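> Residue numbers (my numbering), protein chains in the order written: chain A, 1 to 474; chain B, 1001 to 1110.
All clues stand as given, with none of them false.
Sample of chain B residues lacking proximity to chain A, with all beta carbon distances greater than 10 Å (derived): (1) Met1001; (2) Ser1022; (3) Leu1050; (4) Arg1057; (5) Arg1058; (6) Ala1065; (7) Asp1067; (8) Pro1068; (9) Ala1069.
Here are the simulated lysine to aspartate or glutamate pairs, DMTMM-like style, with alpha carbons at most 25 Å apart: (10) Lys1107/B - Asp41/A; (11) Lys1107/B - Glu44/A; (12) Lys1107/B - Glu46/A; (13) Lys1107/B - Asp316/A; (14) Lys1107/B - Glu312/A; (15) Lys170/A - Asp271/A; (16) Lys1107/B - Glu318/A; (17) Lys1107/B - Glu52/A.
Everything labelled a hint here was simulated from the structure, so no lab data went into it. All of these numbers come straight from a predicted model, not from anything done at the bench. All C-beta atoms, glycine included, are put in the ideal place defined by N, C-alpha and C.
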Amino acid sequence: MGDLTTEVLVIGSGAGGAVTAAALAEAGRTVTVVEEGPWVDPDEHEPFSLAEMVAKYRHRGAGAALGNPPIAYAEGRCVGGSTEINSGLYHRLPEHLAQEWRTTYGIDEFSPEVLDAYADRVESQLSVARLPGAPPPSSAVLERGATKLGWRNVEFARVFSYDEAGRGTKQTMSRTMLPRARAAGATILPDCRVVDLVTRGDRVVAARCRRTHPGGGVERLTIHADHVFVCCGAVHTPALLQRSGIRRNVGNGLKMHPTIKVAARFPHPVDHGDVPMHRVTEFSPFIAIGGSASRRGQVAMALADTGQPIDEAMADWENISTYYAAIRSEGSGRVVAVPGLRSPVVTYSLTEADLSRLARGLVHLGELLLAAGAIELHPSVTGGRVVRRLDELGTWWDQVTRSRANLMTVHLTSSLRMGEDRRRTGTDSFGRVWGFRNLRVNDASLLPDAPGVNPQAAIMAIATRNCDHFLADA
Amino acid sequence: MLWFEREVVGALTTTTDQSIRSSVEAFVDGSLRDWPEHLRLGVAAESVLLGTWAAVRRALGRLPAGDPAALRQQLDRWEHSPIGPVRSYVRAMKSLVIMAEHDMLAKGAV
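When you get a sec, could you build the whole thing from the sequences and use the hints?
Right under this line is the structure:
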């Protein structure tokens, strides 16, 4: 059994944790980062491949929020967290949400101007850029369909850097913030799971960990810290706090972007190596339309969602790509750490309005893809009609039911909201957990709601803001 | 992996390439081990129940023994079952198998 002492302990190394570690280490603090997952060379696996899922995803990508219907979700579990596995799309928090959240939850220093200033700083530290040159065919499909229909669409910037030949490299946390933190003296411990936090009165005094060594041996490690930042994401941050006996407004109100998909077949080949960077914003903020990873395995899985044979379509798989409609949901969920279980139980309840919105999103997605030249659409609905013409799309309205819709998400938020309204929040306006002087949360859990766009930019800006507040306060 | 799960994986895998079949089975086995305990427990319980049901049907001569195509048809029926967990069971197993098999086929080598 080992003991370690640090000034600041950061638990988790994703978008929230890595930003926290870099900001505090560069401010001269002694920082230790612990990450449950392994360190994986970011160039070792092809993006969205099976090998990457095994190496970098929690549960190999097989998380599920229980409910009717259950909703599959995926999270990263490696140094760099979900930034290592996502598409890198970057979108600042919409201004109207910052204003709405500030008012509803009583969040101090949360004006759009303040958040924009922090976003500026994050963007100066990362490379946020649009694709140089023409978009790939899978992305151009979205632009073409939207333009034909007169719908708003946009090419999103991504956290990518491009070389002179236009080759992009995703600026994951393992390539950016974590090396910065390390250069400023931070220590990063991979394969180190925090079992619980040791509290004394209004302070956390230590974290009890289990560290797995390369040979497979497991070491018990106690890390003593003056300040603790929990940044394990919207599922595992509340679970860790609950395991540590901290339960007030912790794990309630989980939000996500439930997503329904279509596998679209075109009369020409589409690319499969990247995720489309165009998004259709015509129905924002309630419905977003975009493209998904479409390697052969993902195309096959999407086709199989109808429950019909896939052999004929798979013979033409190079002409097929997958697209989605994601909604801002009225429903909510819970994260519950069950004693004796390593993984928390996650639940989510969709409302009838959510289902209706998903059906609407699916139909709009179908309209868009047909307008873009798709010749066959396979919805992620068991028994869902394979559509070839516009007049067939109407059948989808009635097919998106609780028993037939196959839903997933990659955005989970809001399980420990921030703000000064103590009845509704788990932390103050800057992530400090109510009732504790030295325990802070700094990740997607803090967002009061799912933002309707990829939350990485909002997480990073808010984490930077909270670090500034900590440095001024501590 | 339980006996019925192995049978389901075998029935859902379409390639005749034995090395890919073995790799798919190994991937599904690893995935099930890696799942959250409560999900794994639920799937294991369903495997026992559905496997027993299939065994009884075979004993009565209503489901051909050693016939992957017959089991695949049964799985197709379960995928449309009115019982949610039964539908989820089939969808989960199908997703694992199909994703793994086609990713491996794309690579052309295992």
